[in-house]
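First to last, the sequence lines map onto chains A and B.
Taking our numbering, the leading residue of the first sequence gets 135, the next gets one more, and so forth.
Taking our numbering, the leading residue of the second sequence gets 326, the next gets one more, and so forth.
Hints in this document: simulated from the structure, not taken from any laboratory.
The C-beta atom is built at its ideal place from N, Cα and C for all residues, glycine as well.
One or more hints might be untrue.
As the list claims (entries may be wrong) - A short list of chain A residues far from chain B (calculated; beta carbon distances all over 10 Å):
#1 L172
#2 V207
#3 Y256
#4 H285
#5 A312
#6 M343
#7 G372
#8 L393
Stated by the list, open to error - Now the in silico label distances, taken between C-beta atoms and shown as ranges:
#9 B:D502 - A:A215: 53 to 63 Å
#10 B:Q399 - A:A196: 48 to 58 Å
#11 A:W278 - B:Q491: 45 to 55 Å
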Amino acid sequence: MMQRPAWWMLIPAALGLLVFVVVPFVCSFGMSFTDLALGSPHPVRWVGFQQYQRLAADPSVARALTNNLIFAVVITPLQTALALFLACVLNRPGWRLGGFYRSLFFAPVVFPMSLVAVIWRYLYAPGASGAFNQVLNALSLGHWQPRDFLHDPQLALPSLMLLSIWQGVGLQMVLLLAGLQQIPADLYEAAALDGSSPLLRFRFVTLPMLRNTLIFTALMTTILAFRVFDQVQILTHGGPAGATTTLMFELVRSAFERLQMGRACALTVVFVIIVVVLTGVQRFLLRQKSL
Amino acid sequence: MRTLLLATFLTGCAHQAGPPGLQIWAHEGRESERQVLTAQVERFQHEHSGPPLHLTFLPEGNYNSQVQAAALAQKLPDVLEFDGPLLYRYVWQGCLQPLETQLKQSTLDNLLPSIQKQGSFRGHLYSLGAFDSGLGLYGRKSLIRQAGARLPKSPDEAWTAAEFTQLLENLAREDTDGQVLDLKLNYQGEWFTYAFSPALASAGTDLSHLESPAASQVLNTIQGWNEQGRVDANVDDAAFLTGRVALSWVGHWEYPRYASRWGDDLCLLPLPNFGHGTRSGQGSWNWAVTTACQPSGRAVEFLEFLLQDEQVLEMSDANGAVPATRSAIARSKLYGANGPLRLFSNQLLQGWTAPRPRTPAYPLMTSVFQQTMQDVLHGAPVDQVLGQAAAEIRQDDLDNQGYR
């Protein structure tokens, strides 16, 4: 039973959500049934589901959704596994350098994506003098042919993924680290007394105890994978030929470059539905545990 | 719901109830440009007594979005600066007032033809600029001569596209990595329309006719240069400065860097001729008076002031752009009769430039074409990409009832 002060304390957050999330979304929902064009002197017309029908038939939207899906499917397991690995390695109470490495791995999260993207543009530079091309050339003993990573239809999306993992893994690591520190030490002690190896302890103590944190971080990563925008805008602009376009990129471009607000609002609604479904999945998985 | 939406999103350009005087919005630009404009506003107030001028600088990155938002909120200033090709959308929205009857005939006659063309729409002149831009090829004389090519001295002597392609191959033979041309592929956004739509004009077509054989041929040619490995990716924006390439396809703004690096070996040449004579880019930031500005006498007087030779030359010195009036060009060190950048002013004076499409659809068109151009440069099938782009532009035109 919630107490009165709790309701009071909810007000600021609830107001914020109402003003910045609920109201804009309701407006977007309404506008998605119009042909609203930013700065058009023509009266706004109601066009029913036309914007949605067009989205369904638009190959660039299909491409964007596919790219988002690939992004989510590849990034979520990879990034979660890497974050778990880092968290386990760093979870050593009393280790002096722990704080240093934690900050080191967390640092990219603090950098704005725009800054990170500009630096990675140099790493991905085409030609034999580009940083990654040089490294790959050295590793392959000269067998690597220089590639233009960000403009190569096959490599552009994976290149953005690699950069995103590097930038995002620190946040999950910190969340998982917090989860790890919640696990009571006596569970490990008991398991060790029973003669279980570190690997078995990880499998039968760490993983089950981390289950909810893992589900949360994995779903958060999935939702973030659907929100990919900055690195696309800065590094590839959706190209080459749609290879890196995403829902968010299509949406922003529609609204603010092409001034097609009706279409952008319809894309927003589609986007929100996807995120709500993902959140629903998360709640379902978590609830099964607590039953 | 319906009425609420309509009420909120109908456009309007009414005036804000601000302090008395003229509200002026300008883009931030460089520090030197801001200083000059601020000084000019003060000078004008000193010389022409009357209500005060309030100058506001807005960041360039999302300048247009801010103006669009202000138009929706009915809070436009009296005098507005914007990037040239956006003019037609503002006119379509009913935000700007015609200037041709308000300006002195002598002022109009003195304007560059390119400025008049860019500022005119549906029979009226709505905007004017204090400066224009120039686009061309910077080259290293020694390398071009070594490759056995002639040096075009004027726009009518421009290399043909075939000659240019051949020259790239000849230059590549003497080049360590074979990349001899800088197309500023590191630039973003508007650059691709500004830099490459003149090539379409040179082939006798434009952004409204992307499905034409001429457009396909131009884009195939440009794609060919990159596919042959002749174009430097220019990630460090120094391909020409470090001597990696012999030719750089870029605007007037690179002159100071290039001239101080290469001195007498630097030459300025017209862009290649794709069939109907070379065409260069034009257009830059423009001034207009909004419909909200009533009476508009002082605003027009301010624009006349900005077009005086001294003011035009001062701004041109600050940002390096081409002065917008004939008399100022004649007095300019860079753009005058024997100036090193005379080609740019000649191109603008003699009609060798093509304005970007003069239509309210421009924001969409340029967004579509930027994508098209980047896809083509990186190997996408030209005709397919052009077909999609043309379809998008057609659909947008239908959606907006022909922008009438």
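Hints and how they fare:
For L172 (chain A), the non-interface assignment is contradicted: its Cβ lies about 6 Å from the closest Cβ of chain B, within the 10 Å cut-off. No beta-carbon of chain B is positioned within 10 Å of the beta-carbon of V207 (chain A); the least distance is around 25 Å. For Y256 (chain A), the requirement that its beta carbon stay farther than 10 Å from each beta carbon of chain B is not met, with the minimum near 7 Å. A beta-carbon of chain B is positioned within 10 Å of the beta-carbon of H285 (chain A); the least distance is around 4 Å.
No beta-carbon of chain B is positioned within 10 Å of the beta-carbon of A312 (chain A); the least distance is around 37 Å. Against the 10 Å criterion, M343 (chain A) stays outside the reach of chain B, whose nearest CB is about 47 Å from its own CB. With a closest Cβ-Cβ approach of about 7 Å to chain B, G372 (chain A) is found to fall inside the 10 Å limit, against its non-interface label. For L393 (chain A), the requirement that its beta carbon stay farther than 10 Å from each beta carbon of chain B is not met, with the minimum near 5 Å.
Our hint of 53 to 63 Å for D502 (chain B) and A215 (chain A) is violated, since their Cβ atoms are close to 40 Å apart. The beta-carbon spacing between Q399 (chain B) and A196 (chain A), approximately 39 Å, falls outside the hinted interval of 48 to 58 Å. For the hinted restraint 45 to 55 Å between W278 (chain A) and Q491 (chain B), the CB-CB distance of approximately 33 Å leaves it violated.
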